[in-house]
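2 protein chains.
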Amino acid sequence: MPIGMAPITQVLFSKFFKSSAKGHPWINRDRFVLSNGHGCALQYIIAHLLGYDLSMDDLKAFRQLDSKTPGHPEAGHHTPMVECTTGPLGQGISNAVGLAIAEANAAATFNKPGFELFNNKTYAFLGDGCLQEGISSEACSLAGHLKLGNLICIYDDNHISIDGDTACSFTEDVEQRYLAYDWHVISVNDGDKDFEGMYKALEEAQKVTDKPTLIRLKTTIGFGSLNQGGAATHGAPLKADDIAQLKKKFGLDPEQFFHVPQEVYDEYHKIQQRGAGYQKEWDSLFEQYKGKFPTEHAELARRISGKLPDGWEKALPVYSPSDSAVATRKLSETALSKLAAALPELLGGSADLTGSNLTRWSDAVDFQNPTSKLGDYSGRYIRYGVREHAMGAIMNGLHAYGLHIPTSGTFLNFVSYAIGAVRLSALSNFRVIWVATHDSIGLGEDGPTHQPVETGMALRAIPNLNFMRPADGNEVSAMYKVAIEAIKTPSVIALSRQNLPQLEGSTIEKASKGGYVLKEVQNADITLVATGSEVAIARDAAAELEKKGIKARLVSLPCFKVFDDQSLEYRKSVLPSGAPILSVEAYTTLGWHKYAHVQHGLNTFGASAPAPQVYKKFKLEPVPIAEKAEKVIDYYKKQGTPLVSPIELAAAFE
Amino acid sequence: MPIGMAPITQVLFSKFFKSSAKGHPWINRDRFVLSNGHGCALQYIIAHLLGYDLSMDDLKAFRQLDSKTPGHPEAGHHTPMVECTTGPLGQGISNAVGLAIAEANAAATFNKPGFELFNNKTYAFLGDGCLQEGISSEACSLAGHLKLGNLICIYDDNHISIDGDTACSFTEDVEQRYLAYDWHVISVNDGDKDFEGMYKALEEAQKVTDKPTLIRLKTTIGFGSLNQGGAATHGAPLKADDIAQLKKKFGLDPEQFFHVPQEVYDEYHKIQQRGAGYQKEWDSLFEQYKGKFPTEHAELARRISGKLPDGWEKALPVYSPSDSAVATRKLSETALSKLAAALPELLGGSADLTGSNLTRWSDAVDFQNPTSKLGDYSGRYIRYGVREHAMGAIMNGLHAYGLHIPTSGTFLNFVSYAIGAVRLSALSNFRVIWVATHDSIGLGEDGPTHQPVETGMALRAIPNLNFMRPADGNEVSAMYKVAIEAIKTPSVIALSRQNLPQLEGSTIEKASKGGYVLKEVQNADITLVATGSEVAIARDAAAELEKKGIKARLVSLPCFKVFDDQSLEYRKSVLPSGAPILSVEAYTTLGWHKYAHVQHGLNTFGASAPAPQVYKKFKLEPVPIAEKAEKVIDYYKKQGTPLVSPIELAAAFE
Ligand SMILES: [Ca+2]
Ligand SMILES: [Ca+2]
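So the protein lines, in turn, are chains A and B. Note that the first sequence covers residues 1 to 654 in the numbering used here. Note that the second sequence covers residues 1 to 654 in the numbering used here.
Source of the hints: derived by calculation from the structure; they are not laboratory data. There may be inaccurate statements among the hints.
Pairs count within a copy or across copies, as identical chains cannot be separated in the list.
Unchecked claim - Straight line, CA to CA, 27 Å or less: simulated DSSO-like cross-link-like pairs of lysine-lysine:
| # | residue 1 | residue 2 |
| --- | --- | --- |
| 1 | 548 | 481 |
| 2 | 631 | 572 |
| 3 | 616 | 248 |
| 4 | 572 | 628 |
| 5 | 200 | 619 |
With the rest of the complex left out, here is chain A (with noise of 0.2 Å):
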């Protein structure tokens, strides 16, 4: 890829590429995004040319432990020009469409007559391998249903995939289906050598400003090699005597290595300063803003800089016992409807699931091209449609553009089908929320094809990733707050269905430290571990034993990943030894072990009925529960010995 796409790469950047200076994170700078991350030595040659930091040395480094030059573009780490993590197939053109509708959004918020704050284009090259993966069919279609006119795509059509001839597998008319999807499609065909005609493609795209653009470009893969067109130059590096040859042929001297000739320097010297000066005009224009639209720019200096508005936190809404029961999916919506008015950068959305997410404030406005009636650029609220994987992609688009926290809405089980970007998300250290409603077996009636038993597991597994299950409203309240304070973490919280009551001792404070405890009792003979739905059914199976004079200490453990943050001295004092541990959660019981002794849960799959049958038939009922807490305390009395807490015992390790 990196040698085909070369010659695009340089009318793009010579010609047309508004770049900043320097790599500063200007936030009208034009975004690149490289789907096909397994080419990423272009991008960071570019990088290098462009005058960010990145030095020949790190070049050399390539692929090497802890460079700055990974084998795949990394974001939120430290390799300049990575806008976000790519590799994964599918991924950074899905990013793409979230960088645009960024962009159109915030055009459409702070831009006014005489002031285009906002006209950057995202431009996004792809392959064979991006166009077959399913994310990029999903984000291309909503991309083209969104009209967005600043998203610049270029497909590298060489015909070859890891497998051969992409005749083989691929054979769908690309061209045909991206007008399918509204998108303007512009074809070059000879994108090793037609330098004029990949200028007037880029050109042409400028101009398209209702459409997306796709611009298909034949090239030879490894053109100028002694193997090009092969599939062999796709993933193997080439020979020496093919790279002394390709050198040769394109004038450069094959005894030098990683050098660029000065008169390459000098040109992007030039380019470099092109973009200082786009740079520093922004810089004036908004400098004149200031005086004009004083509120404005205010606002969105603030947003530049990250900074959450003072006070926003208050927005949160507090609880007490005497509350009703309510699902927590409906305490979320009253939380994201204050949150909506307190924090303008959250922007909203649900993959078709609206009215069960909900997700929607009720004053929200849609995000949509103005031509759709249904909506607005500025509108704060997407309808991603039926689209999860695309979903998670572009929400950390949205979240790399710099101005928005995006929050999303689908069942906590589907977002299994978005983990693809989800880790991506984790990995890339980018804030975007999930509102994953449904999250259990609650939901009854529709089945273990959308009762989620693993997905809580699995989404714990991954590194810095928050798993959240608030109990009640409290909880949710400091779901949220945790959620929007951790600027370098992706936030997964899973609400119920159904109705569950507002707990006795639960504070947003207490909450926020991922566990505490609920309940405190002196000499305790066991403690019992729950979190969401299954907190108030391990309060109640405390007062079954409270009936036979067994105390029982409760804990609610809604967010593992943040729990496991705090100090050891306030974990051991909300789990700490003496007596037994023992877990309660309507999933699989995997992973439990790393805070209590025995575990309660559902290590099969659920079941198609009323909820409390559900709950019934895996015995996740008080009666059950305090059944199993009696046994597990004789267990413990009759090895007669001090009991350990998983948690001191993992820290004599640490």
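On the provided structure of chain A, position chain B with the ligands as indicated by the hints.
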């Protein structure tokens, strides 16, 4: 959906569909897949009318506990006519592609002049949601490429999804997109009343044998109800008075519930007879086939019965410790090559990573339409393209057809793109096999975007799924043996990119138990338990400990689920009480507490660098592991109490 699609359902089943007699699993029956599975009431009613084992009482138990009529169609349990589990959107249409591939392969393999044993059609209903999901784009692009003329899909174009009018998110030109995929597209503009149009469309579709067909059927959601055409009728049941007027409108008695007029039963009785007739004709043809083609007959009869060929398992390669170190992906290639010869039902493939997954045996023929000149329909290797999610769902369809054992290939990290399909394999009790190479940080330079650290545990958390991580050649053979014999369980075999030594003490028999002792020591100070590439590292750590006079047992645990299925006595013999147990795996430690007192692993993302450097960075080397083992031993010595193994502890509450 059930109401809007009732007219076409009537036309399809009364005029075209070749059902079997009373739901007999006749191998050449037409297949029906309801991709919009939330409308399953319609499918259940048809099954009832076709005389399948689904009574009026079953219909009355709709969405009730342990009924045969759950909220979405669940295959592999006990509901007749449900070929595949559907409901999660996009799955069913992709399953249908698998069913169509299976038929094409069966026909090319077994049909002879005058003996068209296989000629069934696969029909699928799908809605807007299915079309928006990326998985369906992947599957339908592939179906077009493969020119599957036996596939007929009917798109319920009702302009409504859960969020309301499809205008809010889904405005692409579906017909044009399917033309781009090289499908035959037919439009019926009045799916409510134009029975002749529907008949003609289905008739035309029968005649198109060189392409899949999409019939776009414009329907009115809730046709005949007071709210017809509105989103309100999508999820919510109709009100009583609405049902009454609707029944009246269509000439039914509004006072009767769960009532089928006798004339309808009579009509369907004739349809049942017709189906029985087709089946009888086929049985007679198959009997004649026996006379002319006894070998093929025996083979097909065997495959229909699901019995594996006698002695197939002798094909599995056996290794000894003196054999050279080889990557398990390469050992898998050897095993697959032998198995492909021994098991004609094996139907392989890869998502465009053939050269990396090593999934294609040397004399394999590609499954391709013969006009491609790249293979033919008797080929047993599918070029899936970069379409992991569709690959998972297509494998479910291949399994469901009843004649194949599908295997696939991708990187373990990208199995996560397909989790939506994988969990349905497990829920459906479908034997499909994922060959998942590049299974850890051991893949090296590609970096954290490609290095699974959480995927293994996420897969272990799915009920009824074998996640397997073999450590050497014998374990690879054992995992294939288990996966092929696990007729109701899917398997994911995780394989290394890097070379691994052949272990002293491994055998197919022992490894087939999911976990076993590689090295026994009397009065051990510690047990080290590991999987895959870390077993040899743990072995070397044990050697380090031995130098200091510390006695370490060594356990390999290639498959949690298979190990969990062994007797308690056996499991306790492998991971006994007495000495502490330390786990070693280059994945998240979450979940390992189930077997080990202390865990050594990787609770962050990996890194891009040569593999040995990445292993070093994360202390996954013999010396640091031995050091940790010493700490563990010291800790428990200080505790001074007899140590209970997690296996024994859990057993106390089973
Ligand atoms: Ca390509
Ligand atoms: Ca619809």
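To see whether the hints hold, each was checked on the structure:
1. Within a single copy, residue 548 and residue 481 get their C-alpha atoms no closer than 39 Å, and across copies no closer than 52 Å, so neither meets the 27 Å cut-off.
2. In this assembly of identical chains, the alpha carbons of residue 631 and residue 572 lie at most 27 Å apart whether taken from the same copy (24 Å) or from different copies (21 Å).
3. With identical chains, the CA atoms of residue 616 and residue 248 are never at most 27 Å apart, being 76 Å at best within one copy and 40 Å at best between copies.
4. Within a single copy, residue 572 and residue 628 get their C-alpha atoms as close as 24 Å, and across copies as close as 22 Å, so both meet the 27 Å cut-off.
5. For the identical chains of this complex, residue 200 and residue 619 are neighbours neither inside a copy (68 Å) nor across copies (54 Å), given an alpha-carbon limit of 27 Å.
Hints 1, 3, 5, counting from the list given before, are not met by this structure.
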